[in-house]
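Please build the complex by placing chain B on the supplied structure of chain A, with the hints as guidance.
In case you want the letters, here they are:
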Amino acid sequence: MSTMIATRDAYGQTLAELGEENSSIVVLDADLSGSTKTSTFAKKFPERFFNMGIAEANMVGTAAGLAAAGKIPFVSTFAIFAVGRAWEQVRQSAAYPKANVKIVATHGGITVGEDGGSHQSVEDIAIMRAVPNMTVIVPADGPETAKAIRAAAAYKGPVYVRLGRNKVPTVTAADAPFEIGKGVQLADGTDLTFVTTGLMTAQALAAAETLKGEGISARVVHLATVKPLDGDILLKAARETGAIVTAEEHSIVGGLGGAVAEFLAENSPVPLKRVGINDRFGTSGKAEELLKYFGLMPIDLVEAARGVVARKGK
Amino acid sequence: MTISMERNIVDSEKIAQLQEKARQLRVDIVKTLHKSQSGHTGGSLSAIDMVTALYFQVMKHNPADPAWPGRDRFVLCKGHAAPALYVALAEAGYFPKEDLMTLRRLGSHLQGHPDSKQTPGVEVCTGSLGQGLSMANGMALGLRLDGSSSRVYALLGDGELQEGQVWEAAMAAGHYKLDNLCALVDVNRLQIDGEVAKVMAVEPVTDKFRAFGWNVIDIDGHDMGAIVTALGQAAEAKGKPTVIVARTVKGKGVSFFENKASYHGVAPSDEELPKALECLGEQCYL
Chain A
1 MSTMIATRDA
11 YGQTLAELGE
21 ENSSIVVLDA
31 DLSGSTKTST
41 FAKKFPERFF
51 NMGIAEANMV
61 GTAAGLAAAG
71 KIPFVSTFAI
81 FAVGRAWEQV
91 RQSAAYPKAN
101 VKIVATHGGI
111 TVGEDGGSHQ
121 SVEDIAIMRA
131 VPNMTVIVPA
141 DGPETAKAIR
151 AAAAYKGPVY
161 VRLGRNKVPT
171 VTAADAPFEI
181 GKGVQLADGT
191 DLTFVTTGLM
201 TAQALAAAET
211 LKGEGISARV
221 VHLATVKPLD
231 GDILLKAARE
241 TGAIVTAEEH
251 SIVGGLGGAV
261 AEFLAENSPV
271 PLKRVGINDR
281 FGTSGKAEEL
291 LKYFGLMPID
301 LVEAARGVVA
311 RKGK
Chain B
1 MTISMERNIV
11 DSEKIAQLQE
21 KARQLRVDIV
31 KTLHKSQSGH
41 TGGSLSAIDM
51 VTALYFQVMK
61 HNPADPAWPG
71 RDRFVLCKGH
81 AAPALYVALA
91 EAGYFPKEDL
101 MTLRRLGSHL
111 QGHPDSKQTP
121 GVEVCTGSLG
131 QGLSMANGMA
141 LGLRLDGSSS
151 RVYALLGDGE
161 LQEGQVWEAA
171 MAAGHYKLDN
181 LCALVDVNRL
191 QIDGEVAKVM
201 AVEPVTDKFR
211 AFGWNVIDID
221 GHDMGAIVTA
231 LGQAAEAKGK
241 PTVIVARTVK
251 GKGVSFFENK
261 ASYHGVAPSD
271 EELPKALECL
281 GEQCYL
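Chains as they are written, first to last, in the working numbering: chain A, 1 to 314; chain B, 1 to 286.
No lab work stands behind these hints: they were computed from the structure.
Mixed in with the good hints there might be a few duds.
[Stated by the list, open to error] Facing chain A, a subset of chain B residues (Cβ under 10 Å, in silico):
1. R73
2. M139
3. Q165
[What the hints assert, rightly or not] Beyond 10 Å from chain A on every Cβ pair, some chain B residues (computed):
4. V10
5. E20
6. Q24
7. P96
8. M101
9. G112
10. S116
11. S128
12. Q131
13. S149
14. Q162
15. F212
16. V216
17. V249
Owing to the predicted nature of the structure, the values given are computational and were not obtained by experimental measurement.
Backbone N, C-alpha and C fix where the C-beta goes; we use that ideal spot for every residue, glycine too.
Just chain A, with the same shape it has in the complex (with noise of 0.2 Å):
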């Protein structure tokens, strides 16, 4: 069995840590800060932790005032309000001057669960993606957050970190090096691959377990940076797979699978099929119920592998 962290669990650690390790480091929340863990910062540096209420769009503007004045300033709450509310705050005062802004949304996609489909940002990626200067990196797990924190941190402009509520299996490696804009290979296969985000690549990895038993070979790709796209390794992987099937915790427009439809299109065209929320809200229920009632199961995934793999070649 793995080991079981919530994203937003690492990012709370890191930023504590960054904290000690960089006195540019500054921390915005909009009253969640117990939720998005950012409480952990604000508890062992007050002075450089600002709470500004119920205010996502001023949290944002002052997030791009504080890089004005040479501060690394990483703003939270959830991915509905940081996207959704403050978008065009987002776009105007981080993205467009190319300010040194930190994004970290929490409570990203459907499993946030049982507070409903108001606050299930379904979205998010799709429009953070649309946005010019903007990177998108969406970490499958805990120790893949902790890294991709830091690099964030280290990169200079707009960041957007899409980060969940619940626990999730580790299933990268302690070891694997962490760069924005590349993709990792977590298994080999040879009849399709499976191109993931998220939590979704654990997904991923168990349903190319169940699939080696029938005799299909799958590759799975998990592209924590959604933007840039890595378009080496998804050549790569239609070249030698010859199908692809996306999965991402977000609706199948516009998001990782919008992305990389886009990208092979133009590149190197082979059957695709995309695995996400179907054009849909979210609604309420507990986060295991939701992944099976929005076809995000492992099982969902043979099924499309199956369907990607059957149009090969035809």
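This is chain B only, laid out in the frame that chain A set:
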């Protein structure tokens, strides 16, 4: 030198010089906008006296080194008044005055709204109304963390106060007691669709800021002596941010532009240019 004493207490001769500087900058605004045939005339002319006082009397800044850490920061929240900022920056020496004639053209570093990536001396990108004060807050917080004595000035429009984010920012500035921040509100009473009072009333502006914990100064925004004095008082106020609520006239200085909402976003035509320059005491050599 003692900044507050020398920069904020000035004699009548200095005031006269600043008034003349503002007149010249009005001429530059009119010529620049006439050349571009695109841009915002009314709100640039209403704000220029305040911009003049800031750049040529009050603010510490270094045109030869726009990123000088010791500088005071200016945020033009009402970014459509970019011409007012550009003529001041050019006059101060951030870039050649000829560049003004490229305003809003393809390839120009003078964008339709202030762009920190392109124009020396522009601190942040503004123009989407309501966002500038938040950025000014962030700068003020950052400067305070560094123990800097630099101050942050943010110029807003009264129509802009209709944006809810302004009040989020006002609340935060009061909460964090940002006494290194001074907001100036250019109350010219007009916005694109007409009178602010009719489109969406924002008055009483002073009471609103006071309620959020600000030090409030109410002045005539074309009275150079009052502007410089108010900026001096703002620098002396401790424990709270200051807002200078400046009563102005949209299109100030060009009689046929004054108090007309229709000149909010319209540049002077070929026929209007000589008349406008005449109003400003300038001969036209076209």
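Hint check results:
Interface hint at R73 of chain B: satisfied, since its Cβ lies 8 Å from the closest Cβ of chain A, which is below the 10 Å cut-off. With a cut of 10 Å, the hint placing M139 of chain B at the interface with chain A holds, because the nearest CB-to-CB distance is about 4 Å. Restraint check, Q165 of chain B versus chain A: the minimum CB separation of about 5 Å is within 10 Å; hint holds. For V10 of chain B, the condition that its CB be more than 10 Å from all CB atoms of chain A holds, with the nearest at approximately 29 Å.
Interface exclusion of E20 of chain B from chain A stands, the closest Cβ pair being 33 Å apart, more than 10 Å. Even its closest Cβ contact with chain A, about 30 Å, leaves Q24 of chain B beyond 10 Å, as expected for a residue assigned away from the interface. With a minimum CB-CB distance of about 24 Å to chain A, P96 of chain B clears the 10 Å threshold, and the non-interface call stands. Annotated as non-interface, M101 of chain B keeps its C-beta farther than 10 Å from every C-beta of chain A; the closest such distance is 25 Å.
No Cβ of chain A approaches the Cβ of G112 of chain B within 10 Å, the least distance being about 13 Å, so the stated non-interface status holds. For S116 of chain B, the non-interface assignment is contradicted: its Cβ lies about 5 Å from the closest Cβ of chain A, within the 10 Å cut-off. Distance to chain A contradicts S128 of chain B as a non-interface residue, since its nearest Cβ pair spans about 4 Å, not more than 10 Å. For Q131 of chain B, the requirement that its beta carbon stay farther than 10 Å from each beta carbon of chain A is not met, with the minimum near 5 Å.
The claim that S149 of chain B lies off the interface holds: its Cβ sits roughly 14 Å from the closest Cβ of chain A, which is beyond the 10 Å cut-off. Consistency note on Q162 of chain B: stated as away from chain A, and its beta-carbon is indeed over 10 Å from all of that chain's, at 14 Å minimum. The Cβ of F212 of chain B lies farther than 10 Å from every Cβ of chain A, with a closest approach of about 12 Å, so its non-interface assignment holds. Taking the minimum C-beta to C-beta distance to chain A, about 20 Å, the non-interface status of V216 of chain B holds against the 10 Å cut.
Residue-level check passed: V249 of chain B sits 29 Å from the nearest beta carbon of chain A, beyond 10 Å.
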